[in-house]
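Numbering (the UniProt record's numbering), first residue to last: 1 to 406.
Hints are computed from structural coordinates only; laboratory data are not their basis. Quantities reported herein were computed from a predicted structural model and do not represent experimental measurements. Among the clues, some could well be false.
Quick list of the computed label-pair ranges, beta carbon to beta carbon [said to hold, decoys possible]: (1) Lys153 - Met230: 34 to 42 Å; (2) His243 - Cys272: 17 to 25 Å; (3) Thr208 - Glu260: 25 to 33 Å; (4) Gln253 - Asp334: 19 to 27 Å; (5) Glu198 - Arg383: 23 to 31 Å; (6) Val200 - Glu260: 51 to 59 Å.
Okay, derived cross-link-like pairs now, DSS-like style, lysine-lysine, Cα gap no bigger than 27 Å in a straight line [stated by the list, open to error]: (7) Lys136 - Lys172; (8) Lys196 - Lys136; (9) Lys134 - Lys195; (10) Lys337 - Lys246; (11) Lys134 - Lys172; (12) Lys283 - Lys225; (13) Lys283 - Lys370; (14) Lys134 - Lys225; (15) Lys155 - Lys370; (16) Lys155 - Lys134; (17) Lys370 - Lys225.
For every residue, glycine included, the Cβ atom is placed at its ideal position computed from N, Cα and C.
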Amino acid sequence: MKVPNTKTNPVFLGAPPLSDLSVSFCSPSVCTVLLMGQRSGHQKRSKKLEVALSKTMMTEAGVQSNKEEAKEPKAKEQRLTSVFGVADLKNEAIGLYNIGQSCCLNSVLQVFLMNTHFTGILRRITVPPSPVQKRKDVPYQMLLLLEAMQCGKQKAVSPTALAFCLSEYRVKLFVQHDAAQLFLTLWNLIKRQMKKPELVEELGDLYTICVQEHLACQKCSFETKRNSSMLTLPLPMLDSSSHVLKSLEDCLQYFFLPEELTDHNMCFCEQCGGKTPFLQSMKLVHLPQTLTIHLKRFCFEKSACIHKLSHYLPFPQDLDFSAVLTENQCQADDNEKAAWQYELFAVVAHSGSTNCGHYCAYIRSLTECKWYCFNDSEVCQVRRQIHISSVASWTLLQISFRLTDC
1 MKVPNTKTNP VFLGAPPLSD LSVSFCSPSV CTVLLMGQRS GHQKRSKKLE VALSKTMMTE
61 AGVQSNKEEA KEPKAKEQRL TSVFGVADLK NEAIGLYNIG QSCCLNSVLQ VFLMNTHFTG
121 ILRRITVPPS PVQKRKDVPY QMLLLLEAMQ CGKQKAVSPT ALAFCLSEYR VKLFVQHDAA
181 QLFLTLWNLI KRQMKKPELV EELGDLYTIC VQEHLACQKC SFETKRNSSM LTLPLPMLDS
241 SSHVLKSLED CLQYFFLPEE LTDHNMCFCE QCGGKTPFLQ SMKLVHLPQT LTIHLKRFCF
301 EKSACIHKLS HYLPFPQDLD FSAVLTENQC QADDNEKAAW QYELFAVVAH SGSTNCGHYC
361 AYIRSLTECK WYCFNDSEVC QVRRQIHISS VASWTLLQIS FRLTDC
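Generate the whole structure from the sequences, applying the supplied hints.
Written out as structure tokens, the structure reads:
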């Protein structure tokens, strides 16, 4: 049965303005928000400059790997297995240098590496046997970056080796990225390259959302059900009439609201033998420890141009899914729903337009219970009750929550 694109089939990812972060920072589960962009005013790089920088990065990566290979392998592996998370640093949080329009990559990496549940998985990976495999292994390069951030004494480290590694898998350098798409790309590369099945399973459990999709023919009541999974909840910012949804809870309720498929959106019904109106709905089955939500702030205008929705969208620090969704929107038992208590963990924010801008991340240390602002190499602690809404030029694109008791 062919199903047309609807509100649950997003094309672009988005998020709310930093004003959306006016919350009290202390609660049971955790939330992460990812944003998109590059610093305004960055000059476009010429092709010659990009090639030269790529060659420089390749040379630096080669020199670095040669130095590492000269060290005692056992000592290296012992250090790697002792790494837990950036949040455990004695010298507090560490920044990442911008190596050329890499603020999006830096922000997404900080969200990954500040999550101690993720780094707990990362530190148990199998170390690749050969130098070439090490250079091309994304989880291993992330682990090396984590080690440099944890063991170094400088205020920031360079993600050059990891960036070069990602370029081997068609992740472009020196370009503006979509934060949510980059998050998905990184996650899938990490999963694909992990050798231990138990780690792959743990990674899936940490981030995977389970839902059940329903399609019901409005003519004969024939219904089909399908279980599926996703890594993020892509929430719309506008309803079907292009009216602004005024809160994160409104966005969630609208996302799980049944939708009538009529006219050109009708589906083929096997029992009726033709296209008929259908009712499409989605029910929530299971939520992971780290729940990532992205707000669809980018949409197509009639002129075929991409437009950014920059309106204010408030959201809570604590989010109880069982209180937001109705019984008909959930396909879970009471024990499952009782665990759907979440707390804000991180925010990736974007300033600028769809063509240029800049990313930064606000992340809560799970071990210190402190909030930090990661702006490339600049990192500073922010006050517990800070209202990020005071930075009116920033827009939140993606939000992640974590279970209260994890």
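Please flag the earlier hints that this structure goes against, numbers listed from lowest up. Violated hints (numbers, rising): 2, 5, 6, 13, 14 and 17; every other hint is consistent with the structure.
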